[in-house]
Amino acid sequence: MFAMAPESNRQSKARERAAAAYAVEQAKARRKRQYLIGGLVLVVIAAAVGIGIAVQHNVNKNNSSAANGPLVYPSGTVDSGLAIPFGSDQNAKVTLTIYEDFRCPYCKEAESMFNSIYTADAEAGKIRVRYHIVNLIDRNAGGTGSIQAGNAAACAQNAGNAKFKAYHDVLFTNQPDETDDAFSSNSTLIGYAKQVSGLDGSTFESCVNSGRYQPWVVKNYTALSSAENGTVSTPDYLIDGTRYNLTSQSASVQQAAFKAALDKAIAAAG
Amino acid sequence: MTLSSKFSLLDARSDWISLAARLLLGAMWLVYSVPKLAQPSQNVADVRDFRILPSGLVTPFAYAQPYVELAFGLLLIIGLGTRLVALLSAILLVVYIAGIISLGARGISINCGCGGIGGQVAEGQTRYTLDVLRDIVFLLPALWLLWKPRSKFSADEALAI
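Protein chains in written order, with the working numbering: chain A, 1 to 270; chain B, 1 to 161.
Do not rely on the hints blindly, as some may be mistaken.
As the list claims (entries may be wrong) - Just a few of them, taken from the derived set where beta-carbon distance is under 7 Å, the chain A residues facing chain B:
1) ARG33
2) ILE37
3) VAL41
4) VAL44
5) ILE45
6) ALA46
7) VAL49
8) ILE51
9) GLY52
10) ILE53
11) VAL55
12) GLN56
13) GLY201
What the hints assert, rightly or not - Here are the simulated DSS-like cross-link-like pairs (lysine-lysine), alpha carbons at most 27 Å apart as the crow flies:
14) A:LYS13 with A:LYS28
15) A:LYS93 with A:LYS264
16) A:LYS32 with B:LYS152
17) A:LYS93 with A:LYS259
18) A:LYS93 with A:LYS126
19) A:LYS264 with A:LYS126
20) B:LYS148 with A:LYS32
21) A:LYS126 with A:LYS259
22) A:LYS28 with B:LYS148
23) A:LYS28 with B:LYS152
Claimed, not checked - Computed list of chain B residues with no C-beta within reach of chain A, every gap over 12 Å:
24) ALA20
25) VAL31
26) GLY99
27) LEU133
28) LEU139
29) TRP147
Honestly, the hints are just simulated from the structure, not real lab data.
The structure displayed is predicted, hence computed values, not measured ones.
All residues carry an ideal CB built from backbone N, CA and C; glycine is no exception.
Could you put together the complete structure from these sequences and hints?
Take a look at the structure:
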């Protein structure tokens, strides 16, 4: 074994310098790796944002291409073409405005309770009804059943107001589960038209298949959305502009309350 | 045991504590993101219910949010860029906390979609205090990771940061 020769002062200085240079080198390399990883993380997060936006565009596009077509109004619409009227006296002093979606379960619930009440009043000329058809559920649950059913109902209005009312009632009676997008099939919608006498025919079928009134449904949704500051819920029943809310009470209690509210408005209007 | 020796014990274990913090925070982000990913349009409605963002930004935010949460969760679990992700997590949590507090202050009754799926609920059925507390609890691992980003079994460690 050789004993190590004692290090000279110069040698130890050189070694210190080398160590310091090595440490600086290491720190530099480490910082470089940190920046690289930081950059990588930011790229991943930016990609996540990008994917989200891409999915959104895809969803909106898939919703329905006909929805982006030119805006045309069904015949006989009122209130700037947005509402389908119903009632024997369109000059009646009380107006019941209904915003609804054929796919919306609460809309069906409301129709099953209130339809016979407001229909009787409208046919007696005591009130006039304004239907606004929107596509809320398509937006919430995905699919195109709301907008396609809305389009088909507009096609029925083109065939005549009484046919629209009858078809409207048939669609609500046959509403599928909220998660079952059965109304996204035009042949299903045309099939239900057979329950309305004189509605089904080549004119109605080509109208349903064209989706020409889908932009009109979207227009109604946008109008409702801006009226409600972006928070849309359906159904919306408005008696002379005042919202009539559904409650969790039993159907008979709600029917009595709805009838009382309509009667009160009719009495007040004289 | 003196205070400094307690600290040195904490120091000695800090990479294990950081591992736990990483996994906890990462799991939280995954739990937050998955229900929103499954129902993006529900999330749009929830974000809209907060009535904070202008309407044009609601939909893009609602679609991007769950993917960002998912990215945070995965990055934390693999331990890549831990300190940066912890910082961004803390910022996002503070935004959520502020959002919920503002709901309470403005008297809007919604079941905040923070943990999962929200929606409007009847008055008196909100649980904002609980929601805020939960997000504050999750702030703790985020702040710990800001302070001690080094952890066991992390990509950062493998890449010798």
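Structure-based check of each hint:
Contact between ARG33 (chain A) and chain B, as hinted, is supported at the beta carbon level, the nearest pair being about 6 Å apart and thus within 7 Å. Interface restraint check for ILE37 (chain A): the shortest CB-CB distance to chain B comes to about 5 Å, inside 7 Å, so the restraint holds. Among the interface hints, the one on VAL41 (chain A) holds; its C-beta lies about 3 Å from the nearest C-beta in chain B, closer than the 7 Å criterion. A hinted interface residue such as VAL44 (chain A) counts as satisfied when its beta carbon comes closer than 7 Å to some beta carbon of chain B; here the least separation is about 5 Å, so the hint holds.
A distance limit of 7 Å between C-beta atoms decides the matter here; for ILE45 (chain A) the minimum to chain B is near 5 Å, and the interface restraint holds. The interface hint given for ALA46 (chain A) is violated, since its Cβ lies 9 Å from the closest Cβ of chain B, which is over the 7 Å cut-off. Residue-level restraint check for VAL49 (chain A) holds (minimum Cβ-Cβ distance to chain B is 4 Å; threshold 7 Å). About 5 Å separates the beta-carbon of ILE51 (chain A) from the nearest beta-carbon of chain B, less than 7 Å, and the hint is met.
Residue-level restraint check for GLY52 (chain A) holds (minimum Cβ-Cβ distance to chain B is 3 Å; threshold 7 Å). Because the beta carbon of ILE53 (chain A) sits about 6 Å from the nearest beta carbon in chain B, less than 7 Å, this interface hint is met. The closest approach between the C-beta of VAL55 (chain A) and any C-beta of chain B is roughly 6 Å, which is under the 7 Å cut-off, so the hint is satisfied. For GLN56 (chain A), the interface hint holds, the least distance from its beta-carbon to any beta-carbon of chain B being 4 Å, beneath 7 Å.
Taking 7 Å as the C-beta cut-off, the interface hint given for GLY201 (chain A) is violated, the closest approach to chain B being about 35 Å. Between LYS13 (chain A) and LYS28 (chain A), the direct Cα distance comes to roughly 23 Å. Compliance with the 27 Å bound is thereby established for this hinted pair. The hinted pair formed by LYS93 (chain A) and LYS264 (chain A) meets the criterion: a straight-line CA distance of about 12 Å does not exceed 27 Å. For a cut-off of 27 Å, the pair hint linking LYS32 (chain A) to LYS152 (chain B) stands: about 22 Å separates their Cα positions.
For the hint pairing LYS93 (chain A) with LYS259 (chain A), the CA-to-CA distance comes to about 16 Å; that is within 27 Å, so the pair holds. Note on LYS93 (chain A) and LYS126 (chain A): the hinted pairing holds, with a Cα-Cα distance of about 8 Å set against a maximum of 27 Å. About 12 Å separates the Cα atoms of LYS264 (chain A) and LYS126 (chain A), which keeps this hinted pair within 27 Å; it holds. A hinted pair counts as satisfied when its Cα atoms are at most 27 Å apart, and LYS148 (chain B) with LYS32 (chain A) qualifies at roughly 20 Å.
Simply put, LYS126 (chain A) and LYS259 (chain A) have alpha-carbon atoms about 12 Å apart, close enough for the 27 Å limit, and the pair holds. A distance of roughly 21 Å separates the Cα atoms of LYS28 (chain A) and LYS148 (chain B); the hinted pair therefore holds under the 27 Å criterion. At roughly 23 Å between alpha-carbon atoms, LYS28 (chain A) and LYS152 (chain B) fall within 27 Å of each other, so this suggested pair holds. Every CB of chain A lies more than 12 Å from the CB of ALA20 (chain B), the least distance being 21 Å, so the non-interface label holds.
Chain A leaves VAL31 (chain B) outside its interface by the beta-carbon criterion, the shortest separation being 17 Å against a cut-off of 12 Å. The Cβ of GLY99 (chain B) sits about 16 Å from the closest Cβ of chain A, beyond the 12 Å cut-off, so the non-interface label holds. Taking the minimum C-beta to C-beta distance to chain A, about 27 Å, the non-interface status of LEU133 (chain B) holds against the 12 Å cut. Every CB of chain A is more than 12 Å from the CB of LEU139 (chain B) (nearest about 19 Å), matching its label as outside the interface.
No Cβ of chain A approaches the Cβ of TRP147 (chain B) within 12 Å, the least distance being about 17 Å, so the stated non-interface status holds.
Comparing the model with each earlier hint shows violations of hints 6, 13; every other hint is respected.
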